[in-house]
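431 is the number that our numbering gives the last residue of the first sequence; the numbers go up by one with no jumps.
Hints in this document: simulated from the structure, not taken from any laboratory.
Take the hints with a grain of salt, since some may be wrong.
Cβ pair distances, simulated, as ranges [unchecked claim]:
id: 1; residue 1: 212; residue 2: 17; range: 53 to 61 Å
id: 2; residue 1: 30; residue 2: 108; range: 53 to 61 Å
id: 3; residue 1: 283; residue 2: 14; range: 53 to 61 Å
id: 4; residue 1: 76; residue 2: 155; range: 43 to 51 Å
id: 5; residue 1: 60; residue 2: 155; range: 47 to 55 Å
id: 6; residue 1: 157; residue 2: 108; range: 40 to 48 Å
The beta-carbon is built from N, C-alpha and C at its ideal position, and this holds for glycine as well.
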Amino acid sequence: MAQNIRISEVAQYEGKEVTLKGWVYNVRSSGKLRFILVRDGSETIQCVVFKKDVSEASFAAADALTLESSLSVTGVVAADKRSPLGFEIQVKEIEAIQIAREYPISKKEHGTDFLMDHRHLWLRSKRQHAILRIRHQIIHAAREFFDNRDFILVDSPIFTPNAAEGTSTLFETDYFGSKAYLTQSGQLYAEAGAMAFGKAYCFGPTFRAEKSKTRRHLTEFWMIEPEAAFFDLDDDMRLAEDFVEHLVQSVLKNRRKELETLERNIGKLETVNAPFPKIHYNEAVEILKKNGSEFIPGDDFGAADETIISQQFDRPVIVHHYPAEVKAFYMKRDEKEPQYALAMDMLAPEGYGEIIGGSQREDDYDTLLQRLKEHNLPEEAFKWYLDLRKYGSVPHSGFGLGIERTVAWITGIKHIRETIPYPRLIQRLYP
RNA sequence: UCCGGCGUGGCUCAAUCGGCAGAGCGGGUGACUGUUAAUCACUAGGUUGUAGGUUCAAGUCCUACCGCCGGAGCCA
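All chains should be built: construct the whole structure from the sequences, respecting the hints.
See below:
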C-alpha cells in the first residue's frame, strides 16, 4: 500500500510509490498520454498517465477529469529535469473523487471584478497562494516579535459602546436594543492592558465606515497594536523600526519563493534594516517644498505628499512631531514645543503609504479631561479610560500597524484587496 | 460626496466615418506517445447595462438612470 504524502514532500520519496490526494490544476493530453497537473495546497506536480501503464478504468478516469476535479493518484516519484519542481509522478492508478462542473476561472486572463465574485475559488490560484502565504508569514512574525519581547496578548473588544475617538465614521449595529459600534481601533483598551501587564498588544479586525475608494483602503482590516508602559516617543519609534525590520527579514528568509512568484524586487526589501530615517514634521515639510508640492504647512499629509517623502529613502521613514491640531485627543504634546504632538507615522517605501501610526499618550488626568472637552467627546463614555490616569498613571506609548498595507508593500502588489482572503470594500460584501 | 473612465457570447476583448455583430479562451466532438496557459480540425453559443431620443440605418451620436473601475478627502 503506497503511502499518502503531501506534494511538498516528494523529494524524500524519489523512486518510491506514493499516493497524492488533491485537485486538478490543469490537464493536457497527447495521444495515449495524459498530463495531469495536481495541486494539494502544498505544491503542484505533474502526473503522467501512459495508457499502457494503467488499467482501462484508470485511463478512463484520467480522460474524464476537468479543471479542479478532486482525485487520488498513486504512482512512482521520478526525477525529471523538465519539471519546475524537479519531480513528476508516473501514474499507476488514478481515481476521481468528484468530477468538477465547468470551472469558472479559466487559464486565460480575467477582470478583477469577476475574480472577486469568485474569490472563494480564486484562492486556489498560484498568485493568491503566494500572497496569502506571505500574509501568514507576516502575522506569524508579528506575534513572534512581541511574544519574544514579553508583550502579553490582551485583545480588545470588537463591539464598543460609543463612537470612541470621534474622528472616523463607524459601523453602527443594534446590540439588544442599544447602539453598539464596530471598533475602529483597539488602542484605548490596549492602554489598559499595558497598565496591567507593562507590555501588551492586541491583534484583531478593525472597521471603518468611510467611503474610501482607493487601492489602500478596506472597510474591514487587521491591525496589531502594541502598547508599553514607561515608553516615550523615542522608545516607541525604536520598537516600530525593529518590528518592521523583523517582519521584512522574516519574509525574506522564509518566503523567498513566494516573492519570486510575485516578481517582487527583492533588492528593495533587503535594504530594510533598522535604524530607519526619522524626520521631524518640519523636515518633511521642507522636503515637500523642495519637490514642488502644494502642501499647506499645518495640515496632515495627503497621499501624493506621502509618496514624495517616502521616495527620498531606501527604507521606511518615520515622521514625528505632527501639529497637535491634526492629531487625536489622546496624544501627548511635546512640553518644549506644545504645538506639536508626540506622534509618529511610518511611511512605507515605493508609495505604499502609512503603515504605522503611533504616539506617546497623554498621561495626565486633568490634561486628558481638557482634551476630551476640546474635542466635544462625551466624558461619561471615557470614564474607564480616565481611570487609567487616576490609578498609577505613567508615561506610555504605542502604535498600530495595518496588516494589509504591510502585506501590499512587502509583496509589491498594487491593490490592497488581494492581501486579505475576503476583502470588504464599499461595493464588496460578497462572497 | 466630488472628479475621471468603462459597460458587446460563460470569460478577455475587437467592430475604421453611423452601414451584414466578430476573434481568442472556455464548453462539445474528433486527431495526436512528452505536453508546459499544449497544438490542430469541426461545432454550439448574442435582447451590445436599462429607458427614451435623433436617423433610411445606432454597439457607435444625444439625454436620463443603473452598475462597475480608478482617483480625491478620511485613515492603517
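Hints and how they fare:
1. 212 <-> 17: 53 to 61 Å: Since residue 212 and residue 17 have Cβ atoms about 55 Å apart, the given range 53 to 61 Å holds.
2. 30 <-> 108: 53 to 61 Å: violated (21 Å)
3. 283 <-> 14: 53 to 61 Å: holds (59 Å)
4. 76 <-> 155: 43 to 51 Å: holds (49 Å)
5. 60 <-> 155: 47 to 55 Å: Once the Cβ atoms are compared, 54 Å apart, the range 47 to 55 Å for residue 155 and residue 60 holds.
6. 157 <-> 108: 40 to 48 Å: holds (46 Å)
In summary, the one numbered hint that this structure violates is 2.
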